[in-house]
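From first to last, the protein sequence lines are chains R and U. In terms of the UniProt record's numbering, the first sequence opens at residue 1 and continues consecutively. In terms of the UniProt record's numbering, the second sequence opens at residue 1 and continues consecutively.
Treat each hint with caution, since some may be false.
Unchecked claim - Using 25 Å as the maximum straight-line C-alpha spacing, the simulated PhoX-like pairs for lysine-lysine come out as follows: (1) U:K6 x R:K200; (2) R:K11 x U:K50; (3) R:K104 x U:K126; (4) R:K6 x R:K146; (5) U:K133 x U:K148; (6) R:K110 x U:K88; (7) R:K200 x U:K88; (8) R:K16 x U:K195; (9) U:K195 x R:K146; (10) R:K104 x U:K133; (11) R:K47 x R:K6; (12) U:K6 x R:K104; (13) U:K126 x U:K50; (14) U:K6 x U:K88; (15) R:K200 x U:K133; (16) R:K104 x R:K16.
Keep in mind that the hints were calculated from the coordinates and are not lab data.
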Amino acid sequence: MQLTLKIWRQKNASDKGGFVTYPVKDVSKDMSFLEMLDVLNEGLIEKGEDPVHFDHDCREGICGTCSLYINGKPHGPLQTTTCQLHMRSFSDGQTITIEPWRAKAFPIVKDLVVNRSAFDRIIQAGGYVSVGTGGVPDANEIPIPKNIADLAMDAAQCIGCGACVAACKNASAMLFTSAKISQLALLPQGQVERKTRAEKMVAQMDAEGFGACTNTGACEAECPKGISITNIARMNREYFSAVLSSENI
Amino acid sequence: MSWVTKTLNSTLGKKLLMALTGLFLILFLVVHLVGNLQLLLPDEGEAFNKYAESMATNPFIRVVSIGNFAFILLHVIYSILLTRHNRKSRPIGYAESAASTNSTWSSRNMGILGTVILIFLLVHLKGFYYEIKFGEMPFIDYEGVSYKNVFAIVAAAYSNVLYVAFYVVCMGFLAFHLSHGFASAFQTLGLNHVKYSPLIKKVGIGFSILVPTLFALIPVVMYIQSL
Ligand code: HEM
Ligand code: FES
Numbered sequence: 001m002q003l004t005l006k007i008w009r010q011k012n013a014s015d016k017g018g019f020v021t022y023p024v025k026d027v028s029k030d031m032s033f034l035e036m037l038d039v040l041n042e043g044l045i046e047k048g049e050d051p052v053h054f055d056h057d058c059r060e061g062i063c064g065t066c067s068l069y070i071n072g073k074p075h076g077p078l079q080t081t082t083c084q085l086h087m088r089s090f091s092d093g094q095t096i097t098i099e100p101w102r103a104k105a106f107p108i109v110k111d112l113v114v115n116r117s118a119f120d121r122i123i124q125a126g127g128y129v130s131v132g133t134g135g136v137p138d139a140n141e142i143p144i145p146k147n148i149a150d151l152a153m154d155a156a157q158c159i160g161c162g163a164c165v166a167a168c169k170n171a172s173a174m175l176f177t178s179a180k181i182s183q184l185a186l187l188p189q190g191q192v193e194r195k196t197r198a199e200k201m202v203a204q205m206d207a208e209g210f211g212a213c214t215n216t217g218a219c220e221a222e223c224p225k226g227i228s229i230t231n232i233a234r235m236n237r238e239y240f241s242a243v244l245s246s247e248n249i
Numbered sequence: 001m002s003w004v005t006k007t008l009n010s011t012l013g014k015k016l017l018m019a020l021t022g023l024f025l026i027l028f029l030v031v032h033l034v035g036n037l038q039l040l041l042p043d044e045g046e047a048f049n050k051y052a053e054s055m056a057t058n059p060f061i062r063v064v065s066i067g068n069f070a071f072i073l074l075h076v077i078y079s080i081l082l083t084r085h086n087r088k089s090r091p092i093g094y095a096e097s098a099a100s101t102n103s104t105w106s107s108r109n110m111g112i113l114g115t116v117i118l119i120f121l122l123v124h125l126k127g128f129y130y131e132i133k134f135g136e137m138p139f140i141d142y143e144g145v146s147y148k149n150v151f152a153i154v155a156a157a158y159s160n161v162l163y164v165a166f167y168v169v170c171m172g173f174l175a176f177h178l179s180h181g182f183a184s185a186f187q188t189l190g191l192n193h194v195k196y197s198p199l200i201k202k203v204g205i206g207f208s209i210l211v212p213t214l215f216a217l218i219p220v221v222m223y224i225q226s227l
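Excised from the complex, chain R in its bound form:
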């Protein structure tokens, strides 16, 4: 395959940045999208140019580090992570536009790399549980109904890649935050901090400068892990019941 890549290049956070067009040849349709970029970068390095910076780690679709906005969609045309996207999803001779996640809360570090530590700070604000520090508890000591365990596991599938923020017209982090609140609120282990958690994580989400939710559903449609917006409704319930009943003034 031959492709034309239109890639956002930006030297650092304060650089203005702009698109640069690169032709790439000898792309196999069995390559992953990141392998295709590796080919491009090898060529750039050989020519003595600065390679295109992009985030990646596991390349197995489990870590959430890869993050490219491809042809107007986070992670490209399929509902999967960029590392699990293959060139067979594109056609020979196609022009592919590659942009970084765009959000005030995700400042650009370089080229296509953005700083997603805002997500870490939301987790730090309340995404934890208190545990007893006695002897090792027996397995299955705490009874949890199967359907509840399933819902919590579904929410816990979130890998924090930020595609929800990238897809949302408001750059809102509601899907991420609601998944993290839900996975703990649903389980008995999460009850100790339940109210404070909802209050603090929502407050942190707002403080980071993410947008509000218009319920467009774009996040759910683009999430590589299929996190449902029922989590956002649950977060709204958790938050409103928390502020109405908690002792936190």
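Since chain R is already given, all that's left is putting chain U with the ligands on it; use the hints.
Relative to the frame of chain R, chain U with the ligands by itself:
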């Protein structure tokens, strides 16, 4: 900041106000529509004029109508606050967008749809509410009692084809606003449930088609009658 203002200033709190005021306005649309449909009764406006009189004098209705104005104002103010906040959350946009593959046009353009509804409301209030309350009104007698002839004012307005066209187009915008807004408000309130959400979505679509269509039908029928 007290916990109340802190909550209402959060993104979730602002949306809560949008949803509550939006749902109230939806309820108001139903009541308003039932009243307006009396314009089509074949009685030269008698039922409608008597209804208009009772609406203007009933103290309960007057309290509700003040609340209604307040809710419209709140809905508009919070829509501006939210839209501004949301724009600021993405200062640099994308060069390419495939948003149509993941969300509906209406859901992405609630602000534009709302703005047209607001323009309509202002024209509508100036033309009817203001004229009827403060303007020079014709009167009509029923059983020896004198009533403001609101019907005559409405009929005169609806004999103007431009006004009728404006009305119909605006109802189209209302339909799209509601096609997203109705179900969205329930989601905002946290009311998402496997048993009820599919029904809420269907009722929302039905409502967004039926109510604006019936509203639009009134000026169209009255225009045809005026020919
Ligand atoms: C009869 C008139 C109206 C009705 C029945 C109505 C109803 C609604 C409802 C039910 C929602 C959904 C709330 C939610 O998502 O939780 C909504 C959202 C919205 N409305 Fe209205 N509305 C009306 C007029 C207006 C006007 C006049 C404006 C503004 C200029 C406006 C602007 C908006 C905006 C911007 C949103 C989306 C807010 C967001 O989530 O980003 N609406 N409306
Ligand atoms: S690199 Fe780990 S999910 Fe893509």
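To see whether the hints hold, each was checked on the structure:
| no. | hint | verdict |
| --- | --- | --- |
| 1 | U:K6 x R:K200 | holds (12 Å) |
| 2 | R:K11 x U:K50 | violated (73 Å) |
| 3 | R:K104 x U:K126 | violated (41 Å) |
| 4 | R:K6 x R:K146 | violated (47 Å) |
| 5 | U:K133 x U:K148 | holds (10 Å) |
| 6 | R:K110 x U:K88 | holds (21 Å) |
| 7 | R:K200 x U:K88 | holds (22 Å) |
| 8 | R:K16 x U:K195 | violated (50 Å) |
| 9 | U:K195 x R:K146 | holds (19 Å) |
| 10 | R:K104 x U:K133 | violated (49 Å) |
| 11 | R:K47 x R:K6 | holds (19 Å) |
| 12 | U:K6 x R:K104 | holds (22 Å) |
| 13 | U:K126 x U:K50 | holds (21 Å) |
| 14 | U:K6 x U:K88 | holds (20 Å) |
| 15 | R:K200 x U:K133 | violated (50 Å) |
| 16 | R:K104 x R:K16 | holds (15 Å) |
Of the numbered hints stated above, those contradicted by the structure are hints 2, 3, 4, 8, 10, 15, listed in ascending order.
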